[in-house]
Amino acid sequence: MVSPAIALAFLPLLLTLIIRYRYYFVLFYRAVLVRIWKDCVTGLSREERAFQYVLTNSTPGDPDSILDAFDYWSSKVEFISNIGPKKGKILDRLLMEQSPLTVLELGAHCGYSTVRIARALPLGARLYSIEMDQGNAAIAEKIIRLAGFDDDTVELIVNPSDEVIPRLRSDYNLERLDFVFMDHWKKCYLPDLQLLEGYGLLGKGSMIVADNVLFPGAPKFLRYLRKCGLYEWKIHRATLEYSKGIRDGMAELIYQGIK
Amino acid sequence: MPGDTLITSENDTDIELDFAGVEDFQENHKREKHYGKRRNGDRQQNKRENQRRKRSSKSVQGIREESQSKTERRERSRRRKGKAEHETSGHEGNKRERDQTRAKSTKSKKNIKNEKTRKLEGKEDGEAQEKSEKGKLKLVCAKNEEKIESGDQLKEKEKALGVKKKKKRRKKVVETSSEPETSEDGDDEEEVNNDGEVRPELLSPEELEKLKEAVDEKKKLIQSLRGKPWPMKQKLVTLRESQLFVEKYEGALGKGKGRKLYAYKVMMTKKWMKFQRDFENFKTACIPWEMKIKEIESHFGSSVASYFIFLRWMYSINMILFGLTFGLVMVPEALMGRPYGSIPRKTVPRAEEAGAMDFAVLWDFGGYAQYSVLFYGYYNNQRAIGWFKFRMPLSYFLVGVGTVAYSYMVVIRTMARNANESGIGDDNSFNFSWKMFTSWDYLIGNPETADNKFASITTSFKEAILEEQESRKDDNIHLTRFLRVLANFLVLCCLAGSGYLIYFVVRRSQKFALDGLENHSWWERNEVNMVMSLLGMFCPMLFDVISTLENYHPRVALQWQLGRIFALFLGNLYTFIIALMDAINLKRKEEKVVKYNITMWEASLYNGTGSENSTAPPITIHPADVPRGPCWETMVGQEFVRLIISDTMTTYITLLIGDFLRAVLVRFLNHCWCWDLEAGFPSYSEFDVSGNVLGLIFNQGMIWMGAFYAPCLPALNLLRLHVSMYLQCWAVMCCNVPQERVFKASGSNNFYMAMLLVILFLSTLPAIYTIVTIPPSFDCGPFSGKNRMFDVIQETLESDFPAWFSKVFSYASNPGLVLPFILLMVLAIYYLQSTSKSYKEANVELKKKLQMQNEENKKKNKQAALKAQMDLEEARKSASQTAVHQRNNNDSVQRREDDEEIDNKNQRMYHGRNPSPSVGNREPHFPVRDPGPRNAHNGNHGNPRYLPGFHQQSEPRMCRVPSLERH
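Just so you know, the protein sequences line up as chains P and B, in that order. Taking our numbering, the leading residue of the first sequence gets 8, the next gets one more, and so forth. Taking our numbering, the leading residue of the second sequence gets 1132, the next gets one more, and so forth.
Any given hint might turn out to be false.
[Said to hold, decoys possible] Cβ-Cβ distance ranges computed for the label pairs, FRET-style:
# : chain 1 : residue 1 : chain 2 : residue 2 : range
1 : P       : Glu239    : B       : Gly1789   : 38 to 44 Å
2 : P       : Phe17     : B       : Leu1977   : 54 to 60 Å
3 : B       : Arg1615   : P       : Met103    : 40 to 46 Å
4 : P       : Phe17     : B       : Phe1519   : 55 to 61 Å
Calculated directly from the structure, the hints in this document are not laboratory data. All C-beta atoms, glycine included, are put in the ideal place defined by N, C-alpha and C.
Whenever a hint applies, use it, and build me the whole structure from the sequences.
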């Protein structure tokens, strides 16, 4: 039988762990526990709840108000892994500088980042957004239409990215992508990037932005970047969306081609 | 001539090589083309010059052509042959064109080669001319010549460069082809050197003279290289080439008979240097763990390495402590003392005999381990043992005192040495310069660590800039202060809590001890040690977390952290000692009872026997059955040994679980986890320098405290250090990542030493207290039967030394003599202290003075530069006005040549004519003057004649590092 004094000696360890990893515990609570509980209580999925909130709390046709509503819901009510306002600003800046004409988005989720990108696009630009999940895609579609972007600006493709990318050139008449935004499964970052390279969709100067390369993390992707030498790349360090203490980063790649 | 045969043979190989090594040739060709471009410009000038020259010194040239040096001739013949060879091989279609261009280029090269020889002579000519001619003509002439010559010189250098490179390359190729294994650089160089040493014997005196000249030329070039207006790359290449050239041919220039000796000497010095280098390597290999530590240093920076160096140092000290105790106490007792089982103190009591060999008992250092040389109680109080009368009790006492004294000496000596090294550094001034020039850790050899270091330097810059801004802004200071106070409050709470917990546990353990330890579980028996180890492990983590509140610089934070852990460990240790004191008192009470009982028991024994037969021999009782006292000294020793063991175990287990297991999990679960384990949440652990250092220090403190009662402690500690050296080295390299904020350990070494000293002092206090105040047990240990332990000295003095010695000693220990002596020592210390202080002040003063002088020099230079500029302007103006009077002036210039003023005028006139001369061009306008032994940085302005403003500067410039070109 372990004596209570020895158990008490573990108290500092417990305290240390709790203090050091408090943000992770909070995240766990908000992203997992609250979600499960709400799922049981309301019978709706998380994305549907978010959509309901946005529908009731934003002005249709105004992307800004939709984004604000999303941000409020994700930071105060529940957690949903959008790109968030802080990293979103970086994304906006990059889009402004690049002003791309063909944009590919991998992983629309519920349309937050799609709206964000579409808002910053120049006139005549076209955004192809790929979402694998049917339900999420339906919500994303609604959100995009709510924000006032039509089919000419944003095209939502409901299919896994590794199926869509090989067909981009034939089905969608795409020659070159100016801007690619990756925010889907972290494990797919690397294969999708290699697919893009393989099908020649990237030209010199094409920019690829990958979110969440540090916290959920895409180590293989980063390792590949370090090794291959095809890109000029850097990581914008920030924190995880709607959370203060968890470090995260957004990788910005510019395709240089083979020299 | 024997040389010819040698040369031809070499040429043959060369040609074959040329034939075979097309790539090599191509490269050469390219380079030549490259040089050719530059040369083309010069060539016309040269032609002009040559024609002029030819007129004046045709005959000389003829002779020269005849007596070209053998090296050059060889070069030429080789080239010629090569050319021919290539022309013959030119049948191979696509090669032809290339060969033709090559032939051209070699031709041009030859031309230039000739010009080079001509040029040397031309210089002399020019000087002669200048001396004979006067007036304007001379000036113009000299100017032109100099211009040409400077160009020539440059070109010649490139030329020599190219030629030499080529030569070297060929030689290299020859070598590799003949013996492909030895293609190392060193061998190449040796080969070249040997060539350089062999060849001069084949040269005629004239050629030697020429060679000498060329070497001198090169030397001059090396000296004046700094002032040349060339790009850095060219400078470096030229420098290297010239140095090689000088090195190669200088040896050849010894005179006559001495030449061979010289060559021999050079060879021997080379060999000697190589040997020295090898010997250094060997010495490094002999230092234990040096390579391991270096490797860690290269991966983790010097702060982590400093821990391992400290560990090694500790190991060496413990080695000596172990040698003393083992050699002078344990071994004599084991060999010469009475054997086990002869007397009660050397026998396991009957009650414990059954389980005396159980592992659990032995692990607790009971049973046979307790009744062995490992502990105090085993030693006999026999004055002298063995055939050469080894004074065991005296030796025991002196070794106890000696180990402590030795430790003090070593620690203080190391501290003093470190203090010398650290010098007088004021961290506050030149903060950014320090950061700029000294923040890189040159021992880092790992790209990842280098990245981290780079990042940490950048962040430190950012932080420093922020700090500077904040120190001006001075807002938010209240919040910071509040946070710091709060952090300290939390830490204090934590300390108090841990102290109370230990106190509670110790009290409980006393209760258990009264009940009898056998009734309690292993957990309860080892509660004190467990709790102490656990607290010592986990509280620092908590402190670390709390200290993030304070927002200190990492170095400051480290010191705070060290201080806090120090307080924690000290508190724990002293709680432990107080508990031990209580236990000692208990034991002594018990001892009194036992002593009384024993006398009763003996009396009853004798009475019982006496009643039967008074003359019968005393009944022999087996020593295991004799009742005995509790022997508190052994108890203390056992406690310390147990503490050390449990501490070691906790350290290793933490290492294995906290570092190794974590690393394994992170590494292998990363494939199937939903986030990146390596970069994110658990990650790999960092090496905790402060915790480890303090653990080591406190461990040592316990050794010092307990070594008197358990002579086995130094041996145990040695084992522990040895194991932990390997284990931690392995753990660091295999499961830790470099710290995110790599910082240098500079200055913290003495901090560790100071802590060690404090611990040493604090740990000797209780030991001395027990030795001085508590009487030793009556039936165990070397001092049994004495009133106090130190009585052994008096006893020795009385019985082993002659009477006069004890008399002298008693006089010497007379307070009337001791007090003045102490007074004298205090005075001496005071005197030394004050002198060192005054030295320090003087140092600071000197530093200030240097700084002032520097600033003054800077000012002066600035003024001089300004003045020079003004002069220049003035000269330009006056030049346009006095264009007519120039020639007259020039005459006067020539008459008073060494007058500086007139030189200035000259300069002005020159500027008047050519309004935009660069600094580098100005230099060669006065070829009459020997450039002399110019200093490296004086190349431009050191010679006052060339720049009018700088002749005021006479003081040495302290801010510069002199003679950089030698590095």
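Do the hints match the structure? See the list:
At roughly 39 Å, the beta-carbon separation of P/Glu239 and B/Gly1789 lies within the given 38 to 44 Å, and the hint holds. Distance hint check for P/Phe17 and B/Leu1977: the Cβ-Cβ separation is about 57 Å, which falls inside the suggested range of 54 to 60 Å. Remark: the range hint 40 to 46 Å for B/Arg1615 to P/Met103 is upheld by a beta-carbon distance near 43 Å. Between P/Phe17 and B/Phe1519 the beta carbon distance is about 56 Å. The supplied range of 55 to 61 Å therefore holds.
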